[in-house]
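Here are the chains, one letter per residue:
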Amino acid sequence: MVTPFATAAPALVSPGLDLELSFSEALQGFGLSPQAAHLLWLPLPMLLVLVAAVVGVLVTVWLERKISAAVQQRIGPEYAGALGVLQPLADGLKLLVKEDVIPARADGLLFTLGPVLVVVPVILSWLIVPFGQNLLISNVGVGIFLWISLSSVQPIGLLMSGYASNNKYSLLGGLRAAAQSISYEIPLALSVLAIVMMSNSLSTIDIVDQQTGAGLLSWNVWRQPVGFLIFWICALAECERLPFDLPEAEEELVAGYQTEYAGMKFALFYLGSYINLVLSALLVSVLYLGGWGFPIPVEWLAGWLGQSVDAPLVQVITGTVGIVMTVLKAYLLVFLAILLRWTTPRVRIDQLLDLGWKFLLPLSLVNLLVTAALKLAFPVAFGG
Amino acid sequence: MTIAASTQLICFVALAAVVVIGALGVVLLSNIVYSAFLLGGVFLAVAGLYLLLNASFVAAAQVLVYVGAVNVLILFAIMLVNKREDLAPIQGLPLRRLLSAGVCAGLFALLVRVVVTTPWAVPGPAAIGEGATERIGEHLFTDYLLPFELASVLLLMAMIGAIVLARRDVQSTDLGTGAAADQGLIEKARTPLLVDQGPS
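Each protein sequence line maps, in turn, to chains A and B.
Under our numbering, residues 72 to 455 are what the first sequence spells out, in order.
Under our numbering, residues 1146 to 1345 are what the second sequence spells out, in order.
Quick caveat, the hints were computed from the structure, so don't treat them as lab data.
In this text the structure is predicted, and so the values were computed from the model without any measurement.
There may be inaccurate statements among the hints.
What the hints assert, rightly or not - Going by beta-carbon spacing under 8 Å, a handful of chain A positions derived as facing chain B: (1) Leu221; (2) Leu273; (3) Gly377; (4) Leu407; (5) Leu447; (6) Phe449.
What the hints assert, rightly or not - Pulled from the structure, derived: some chain A residues nowhere near chain B, Cβ distances all over 10 Å: (7) Gln106; (8) Lys165; (9) Tyr234; (10) Gly286; (11) Arg419; (12) Leu439.
Unchecked claim - Here are the in silico distance ranges between beta carbons for each label pair: (13) Leu399/A x Leu1218/B: 39 to 47 Å; (14) Pro114/A x Leu1256/B: 20 to 28 Å; (15) Arg1280/B x Val437/A: 25 to 33 Å; (16) Val380/A x Ile1148/B: 30 to 38 Å; (17) Ala1296/B x Val380/A: 28 to 36 Å; (18) Ala1303/B x Arg417/A: 27 to 35 Å; (19) Leu1173/B x Leu134/A: 32 to 40 Å; (20) Leu1301/B x Ala382/A: 57 to 65 Å; (21) Leu1225/B x Arg176/A: 15 to 23 Å; (22) Gln143/A x Gly1170/B: 44 to 52 Å; (23) Arg1280/B x Val142/A: 49 to 57 Å; (24) Gly152/A x Glu1283/B: 56 to 64 Å; (25) Leu399/A x Leu1225/B: 42 to 50 Å; (26) Ile1166/B x Leu115/A: 28 to 36 Å.
For each residue, glycine too, the CB sits at the ideal point set by N, CA and C.
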């Protein structure tokens, strides 16, 4: 199933940088069979993305600490490295060496399995995040649908850890978390469906390609402003970020389903929620903000400078610009999420469910219908 | 045997083992919460089998619908009524178990017979892979339109039924007995709602 970096490039686009091909050719030069070279290649992109995800979390944790400090007119972490950049590492190390407690009356097996079930789907979803035309682990045809279905596995892990802790706050937190993520998954999926309708494909690569025509102006956010807002609100709710952090509301539930957790198991929840935040931001940038696209198409720039798009140097620069743009857009959204966390109050559970079912769901259905109508009326602008 | 083929075989054996053992656990374990979680595992393994058959859309839909919706709802139902009480002893339990085991064995024998006697087209038609999503869409809106729509009507009926059963308080009369709804009964959660109000 896994076709790493660049096997399924669309025929229309020039092949560009094909890291896999060069890697396997280099290995075959040492006398390895193509199959063995392929086998050696397989773990590389996965490892790279895993490392990228974890580093992304470290950066996000540092940003969260610094921005929250700035919002509250504090200084924030200062002594661990310049500007406290090593603080997230220190946090991680602390959690790593902390005692791993399993409460006496808890269900040991489910208690251990819960955090794993929360983290694994989130990391698996990185499979479909593209950083460039050929820079993703797997260009699976079901693309964005894979993410939606994987993120629906998460509530099971939350329910499991809430139940296994044998603590009423944990159980309530787990139930709230599952209820919240089920309610917000539907408007989320419907707003993704409107995008899919416009790009005629579920693949994340095709969705970005459809937005590359005229740079900034062709991004989906102009054609889907309502969908963009719905998606962002639902993504925040799925990540349990502050306006919607009811599952772990300190004043009501101690820490929700995480109450009994300590050490590395708690770190898994922590890691999972931050990976999910970065992933959601990346997907917003892929779906609505043109993914790896530069505000001015790179092809135009290359044309003005009199360079061919297929020249090796231009290819390398294009690839780098793509990665930088994807990460930049994602981190702007992460910044927004952090600011929202430190400036907005928490909603009540009835307000949360009302917002999800009575407002966002009908709104996203209307958005879908309007998109379909516009697609039929103006096939040029809405991907007919 | 190539590397790809042997990987596929290993995956198939592992997934099949998870499906069989997990399904047995769902039925045989006495703790209903374990059964529900194992059911989720079985659904996931079935999704893995679909992936092995090159049906990635069906696999993703399986995860979304069965694991993400059905199984989570089952867990919700179990956890919201989680009283940690032992079930009331049932009379003649061994006999009942024997009977149900007999019925299950009979069903299994029937299925085995069907599997053995059916002339399977091996190897089947070539997998259409990524084109499957479009083909499924085409079929759902042409020759399978009626079953598709009927399924949605069925779901709507189930939903309305659930709301009517759960929200007795919005009814002026009790559906079961026709008597005026008693708000006190609704507040007392322990009392069954469908009480026999006739002379007994």
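Numbers of unmet hints, in rising order: Hints 3, 4, 5, 6, 7, 9, 14, 17 and 19 are the ones this structure does not satisfy, whereas the remaining hints hold.
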